[in-house]
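Novice: Sequence:
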Amino acid sequence: MLLCFFSLIIGLSLYSRRKTNTINDFVVGNRTVGPWMSAFSYGTAYFSAVLLIGFAGKVGWGFGMSALLIALGNSIIGTYLAWRILGRKTREMTSRLNVITMPSFLEKRYDSPKMKIFSSLIIFIFFVPYAASVFMGLSYLFEQIFGIPYVIALAVMAILSALYLVLGGYMAVALVDFVQGLIMIVGVALMVYFVMGHEMVNGFVNGFIALRAQDPGLILPSSSVSWVGLVSLIILTSLGTWGLPQMVGKFYGIKNEKSIPVATWVSSIFSLIVSMGAYYVGSTGHLFFAELPVFNGVATPDLIMPSIIGQALPPLVGVLILILVLSASMSTLSSLVLTASSSVSIDLIKGAAVKDISEKATMNLMRLLCIVFIGFCLYIALNPPGIILTLMALSWGAVAGAFLAPYIYGLFWPNTTRAGAWAGMLSGLLIAVGGYLLITLSPSFINSQLMSLLSSWGTPFFGSLAMIIPLGIVPLVSVVSRSYPVEHIERLYNEEESAIA
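Residue numbers (this note's numbering): 3 to 503.
Derived from the structure by calculation, the hints contain no laboratory data.
These numbers come from a predicted model, not from an experiment.
There's no promise every hint is true.
[Said to hold, decoys possible] The calculated DSBU-like cross-link candidates involving lysine-lysine, where the alpha carbons are at most 30 Å apart (straight line), are:
#1 Lys116 with Lys362
#2 Lys260 with Lys21
#3 Lys116 with Lys91
#4 Lys352 with Lys362
Produce the complete structure using the sequences and hints provided.
Specialist: In structure tokens form, the structure reads like this:
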């Protein structure tokens, strides 16, 4: 089964190689990707091993069935509304302005080359730990459940991801994502079926009753403190997609406006199935274990999902879950790496450092940077700094916090100014990183009760604030700062000049 999976990926990579001849081909598939592939590419980039292994297990343990509210948020806000509100406008505006990366869009929208350089640095710096967290999601599953050395799992994923990225770029990513998305749907459905049928759960209703008997707080949060934590996670994981470059990039590549409604529904249904399934399995953790699973003498929430899978699933289905997790991880990793390498090569090097570099040299540079970026991620994954959720939440919050408000206002509000965009970007970044440092360092000058409360909410709380607060800062600063000339605004928002069919 694994050999068939690997062979299929290699075949799709070689097929895509023939269709990748220009920078536009490599980064956005020459804007010719159909609705189904675009939808699956969005969904598989959204849900990685970070969700399926680390996030769903820990959140399910802490919130029980309430974790399903996060799945609803991911499906409605993070997918349906993202496509519905942002899809057409992003496709139209980026095509007309001839931009294929988030930093390039921000440069054109706000007439600020410095913003492009700063944005590229944000992407490169924070995508490394994010992508590393994708690698780390494999460790416990492979070592503890399947007995496969972590290093081998990393090597396989890194080699395959590098292969289809270097050969086929965005088109290869989209094709492979479609296949991997099908595997994820089947795998999650089987995982839910066997977990729900296991004697420790005994069906959805009995499992629900058993959780409520253990603790009513495992059905709905029992305190305002718990509700704040849950809502923070919903905002972080749902609204965050609106500002993440690797997610927004899926709107760039779809072939035309007519494809967007189909992609919207397909992607939303995919997200609902995968997220509901993962969070449901995670929510049953208390039915399988009285205490958190222990690894090397330490209670480890990242072991919850692998341990449930090991207990509840037959060996053959377990192999499919192994492929599922590989698929989820490779899809997210490839989107992150492609976004980072294209941003650095197009926006930093070609756009700022070496402006006369040829298209062929730029493509070769992007391919090289794909390999370098994966190497960085491998190094961090082999020397992990902490648990999966913290890494993901920091990177997700910092990147989405920096880009979300400037991007959304840049699309829809002509009165957004350069100063407003800078204020939103810097405030989001500072809140996310500052919150992470605050929780990590626990400074003595902060009241111990307040510090304990903030620590219980964790990095996701500050990540959600990093997205919401700039939505107020950008318009406030824009109102009191210098506006753009009328000619600049007309050039940006004159949709009559659009070439979209």
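Novice: Identify every previously stated hint that the structure contradicts and give their numbers, smallest first.
Specialist: Violated: none.
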